[in-house]
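Number of protein chains: 2
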Amino acid sequence: MAFFPAALDNLIDRFAALPGVGRKSAQRLAFYVLSLPEQETAAFAEAITAAKRDVRQCRICRNYTDRDVCPICASDRRDRSVICVVSDPKDVLSIERAREYNGLYHVLHGVISPMNHIGPDDIGVKDLLVRAANDEVQEVIMATNPDTEGEATAMYISRLLKPFSIKVTRLAYGIPVGSNLEFADDATLTRALEGRTEI
Amino acid sequence: MAFFPAALDNLIDRFAALPGVGRKSAQRLAFYVLSLPEQETAAFAEAITAAKRDVRQCRICRNYTDRDVCPICASDRRDRSVICVVSDPKDVLSIERAREYNGLYHVLHGVISPMNHIGPDDIGVKDLLVRAANDEVQEVIMATNPDTEGEATAMYISRLLKPFSIKVTRLAYGIPVGSNLEFADDATLTRALEGRTEI
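If you're matching them up, the sequences are chains A and B in order.
All letters in the first sequence, in the order written, are residues 17 to 215 by the numbering used here.
All letters in the second sequence, in the order written, are residues 17 to 215 by the numbering used here.
One thing to keep in mind: the hints can contain errors.
Pairs involving identical chains hold if they fit within one copy or between any two copies, as the list cannot separate such chains.
The calculated EDC-like cross-link candidates involving lysine to aspartate or glutamate, where the alpha carbons are at most 20 Å apart (straight line), are [unchecked claim]:
#	residue 1	residue 2
1	Lys40	Glu112
2	Lys183	Asp151
3	Lys106	Glu152
4	Lys106	Asp25
5	Lys178	Asp84
None of these hints come from the bench; they were simulated from the model.
For reference, chain A alone in the conformation it holds in the complex (with noise of 0.2 Å):
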């Protein structure tokens, strides 16, 4: 016996497929959505087939716009010289925030996974090479997360930039700034030694 109706559990169901929200927390959530007025759950449905209808990626970058050329790489006042090459959207947006790159992006959408069956080819690392053939274009940052896979998709990347006379960096590690060198942990300290600047 269904003790909730099935409109309900298929709402609880689909945002029990959403990343990290378990069955409690889809639970709560269509809860929630219930006890808004039905405006607010019109609004929120709308919402959702909006922004897949609206939103593509850039013709260049990748990143998420509903242009077909994203601002960024519209702008006429960003370094056409650099790329900064990021696994997700939600990266540009962390060094946008930062103001201190004026370069462009290049979106992998992923990195590559071999456990995931995630080759180069799912990532368009091949647009990638396409713009960093281009004349403008003097360096490839690569700022992939510092995790496995984002260092083997920064070095496999990097390796195939080679034959292109570009320069080709990596982010810097060490310690975060704020934090205490109490919490830091063993890799990122040896990091941060061999990363040592003068003073």
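Given chain A, work out where chain B should sit, using these hints.
Just chain B now, kept in the frame of chain A:
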């Protein structure tokens, strides 16, 4: 300058408005939804719309249902002399899972909370009194949560039920089955001692 297109920002906002979903989680969920095939996102949007359209409260017990009267209230195999009062529909599910209880329910959809301006009228206490006035009803079990507001609500309702000549009971407090005394808090241990039974 917005880095995400408006439709994506809007979807992130919708997710962030859900209880227990922070800004970062909302981003993660929105990106995940975008990565789904269009058929899936359409189904998600439809699940929200359908749940709000089809799910209503049972006319008798106020549990969620897609009919006028829920299957439990409509069943002729349930003991109609007992009503178990819970604050949430998901509590009905928990109690049904234990397969111990065969009576009816009354779902308050909340607890009395002066801080949040939720009074007895907001949680349909009157409906419960009308049901309790029925000759069949012999016992009302208060099964609100054992927290401050749940306790206060149980006490408030039990006082209102005093004039009716029916038994009003409260779920037993004590050590959870399978747990460890070491981790039981003082309040629980005190209640477990007070409620000790002869073996």
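- Between copies, within a copy, both or neither: which fits Lys40 and Glu112 at Cα up to 20 Å? Close across copies (16 Å), not inside one copy (36 Å); limit 20 Å.
- Evaluate Lys106 and Asp25 at a C-alpha cut-off of 20 Å and name the case that applies: within, between, both or neither. For Lys106 and Asp25, only the inter-copy Cα distance (12 Å) is at most 20 Å; the intra-copy one is 32 Å.
- Item | Within, between, both or neither, where Lys106 and Glu152 count as close if Cα-Cα is 20 Å or less | Answer is neither; intra-copy 26 Å and inter-copy 60 Å both fail.
- Can you give me the call for Lys178 and Asp84, within, between, both or neither, at a CA distance of at most 20 Å? Cα proximity of Lys178 and Asp84: none, with 30 Å in one copy and 70 Å across.
- Evaluate Lys183 and Asp151 at a C-alpha cut-off of 20 Å and name the case that applies: within, between, both or neither. Result: close within a single copy only, 13 Å intra versus 86 Å inter.
In the structure shown, a violation is registered for the earlier hints numbered 3 and 5, in ascending order.
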